[in-house]
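Colleague: Here's the letter readout for the chains.
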Amino acid sequence: EAQVTQNPRYLITVTGKKLTVTCSQNMNHEYMSWYRQDPGLGLRQIYYSMNVEVTDKGDVPEGYKVSRKEKRNFPLILESPSPNQTSLYFCASSLGTVSYEQYFGPGTRLTVT
Amino acid sequence: QKEVEQNSGPLSVPEGAIASLNCTYSDRGSQSFFWYRQYSGKSPELIMFIYSNGDKEDGRFTAQLNKASQYVSLLIRDSQPSDSATYLCAVRISGTYKYIFGTGTRLKVLA
Chain A
1 EAQVTQNPRY
11 LITVTGKKLT
21 VTCSQNMNHE
31 YMSWYRQDPG
41 LGLRQIYYSM
51 NVEVTDKGDV
61 PEGYKVSRKE
71 KRNFPLILES
81 PSPNQTSLYF
91 CASSLGTVSY
101 EQYFGPGTRL
111 TVT
Chain B
114 QKEVEQNSGP
124 LSVPEGAIAS
134 LNCTYSDRGS
144 QSFFWYRQYS
154 GKSPELIMFI
164 YSNGDKEDGR
174 FTAQLNKASQ
184 YVSLLIRDSQ
194 PSDSATYLCA
204 VRISGTYKYI
214 FGTGTRLKVL
224 A
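Chains A and B supply the protein sequences, listed in that same order. The first sequence begins at 1 in the numbering used here and counts up by one. The second sequence begins at 114 in the numbering used here and counts up by one.
Pairwise CB distance ranges, derived in the manner of DEER restraints:
hint	chain 1	residue 1	chain 2	residue 2	range
1	A	Lys57	B	Ile131	37 to 43 Å
2	B	Lys221	A	Ile12	31 to 37 Å
3	A	Thr86	B	Ala130	35 to 41 Å
4	A	Glu79	B	Ser153	27 to 33 Å
5	A	Arg9	B	Ser165	35 to 41 Å
Chain A regions said to be covered by chain B (calculated; three or more residues, Cβ under 8 Å):
hint	segment
6	39-53
7	98-104
Honestly, the hints are just simulated from the structure, not real lab data. Since this is a predicted model, take the numbers as computed values, not measurements. All C-beta atoms, glycine included, are put in the ideal place defined by N, C-alpha and C.
Isolated chain A (complex conformation) (with noise of 0.2 Å):
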């Protein structure tokens, strides 16, 4: 079954606590992307990929990083979390070139306290 994959899907953690939560995908999608939703503010986008090796800035970048070092899988890395990340994280992938349409993973609940 094609699918985007996200673990954990439910996460509590504390303050300043390092954590990583990995996204896969099974489509051999080229782009990948990380997405932050927050009540009255709807989906962010923090970074994104369009290929191996290759990541850019989405528009909330700040604090999280990612690496992209095989095409299924695209981590989100908190080096340092603080409860203002506390939020719901979505993974997304598409093909990338001539197809721009996202396939969304099941999401995951983060809760920095």
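With chain A's structure known, arrange chain B on it following the hints.
Modeller: Chain B only, in chain A's frame:
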């Protein structure tokens, strides 16, 4: 700052009626437009995409794009209670791989 605007709703329509959802965008050069449906607590699900001016139909859904007026709309015919959700409009910013989402319109279909 590029923007995508949607009325937050809720938009209430009776079962069987046509629901009309609208979205305006600020980036005049945008070429790619998307509609997603999102149920509470779930991930966005792609409903329609449209890249050219005019109408695009898929089952009960029709996307309409007017680049001159910078708006894109989604029509849902024969609305069902299961269509009750938040509908997100998204735009790919011209010349980039960035996407901007509207904050969504909540649709309620009344049985």
